[in-house]
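> Those protein sequence lines, which keep their order, are chains A and B. Taking our numbering, I'd label the letters of the first sequence as residues 441 to 558. Taking our numbering, I'd label the letters of the second sequence as residues 34 to 146.
No lab work stands behind these hints: they were computed from the structure.
DSS-like, lysine-lysine: derived pairs with alpha carbons at most 30 Å apart: (1) A:K489 to B:K74; (2) A:K550 to B:K69; (3) B:K71 to A:K550; (4) A:K508 to A:K498; (5) A:K508 to A:K550; (6) A:K489 to B:K71; (7) B:K52 to B:K42.
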Amino acid sequence: AQSVTQLGSHVSVSEGALVLLRCNYSSSVPPYLFWYVQYPNQGLQLLLKYTSAATLVKGINGFEAEFKKSETSFHLTKPSAHMSDAAEYFCAVIPRGAYGGSQGNLIFGKGTKLSVKP
Amino acid sequence: DTEVTQTPKHLVMGMTNKKSLKCEQHMGHRAMYWYKQKAKKPPELMFVYSYEKLSINESVPSRFSPECPNSSLLNLHLHALQPEDSALYLCASSHEGINYGYTFGSGTRLTVV
Numbered sequence: 441a442q443s444v445t446q447l448g449s450h451v452s453v454s455e456g457a458l459v460l461l462r463c464n465y466s467s468s469v470p471p472y473l474f475w476y477v478q479y480p481n482q483g484l485q486l487l488l489k490y491t492s493a494a495t496l497v498k499g500i501n502g503f504e505a506e507f508k509k510s511e512t513s514f515h516l517t518k519p520s521a522h523m524s525d526a527a528e529y530f531c532a533v534i535p536r537g538a539y540g541g542s543q544g545n546l547i548f549g550k551g552t553k554l555s556v557k558p
Numbered sequence: 034d035t036e037v038t039q040t041p042k043h044l045v046m047g048m049t050n051k052k053s054l055k056c057e058q059h060m061g062h063r064a065m066y067w068y069k070q071k072a073k074k075p076p077e078l079m080f081v082y083s084y085e086k087l088s089i090n091e092s093v094p095s096r097f098s099p100e101c102p103n104s105s106l107l108n109l110h111l112h113a114l115q116p117e118d119s120a121l122y123l124c125a126s127s128h129e130g131i132n133y134g135y136t137f138g139s140g141t142r143l144t145v146v
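Produce the complete structure using the sequences and hints provided.
In structure tokens, the structure reads:
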């Protein structure tokens, strides 16, 4: 079964520092990949998605992620953290079949809480 | 309109009450979902509606009863809940078969007392 692993339940960075949040998937067929952000007491907002076009995906709020098939990874980065980036970040996948169609629904990783220090 | 609207935002109910959560979208999405999220956990899928028909029920207790009156509305009827059902309930929608991701509402914070 497809699974999503987010390394690090809590990441802390200083304001202005690089943000790196890690995500790995488990399937041999690369799934559709997504990053969502959740601010306290709010719903989930889509940051960016990979659906087999360009491997470097740019999203909102200055975030980007790179799909690396050889590493089964889809890590999220931002060059310079801002205080407003403090939130919970979820990597999620929709599994794909051998011919590219979706197979199943959105599956979430356990989440990474990002803290930003002044 | 690019939003999923959920009402109410907060709900406190007793274990003998009956209440309903509502979700609405006008993006033409034909798939709609209910998720449950406990504190410090990822969302867990409860139900999936596809073209207004229930397609997935993830073994959810019968005290939760979903309803999809039309392609824009999704309800979750609650009856005889337990305190452990207290959580954030999220509604989402998506295009059927087009994987642009799901659009989530801001959720209903439910407290069962």
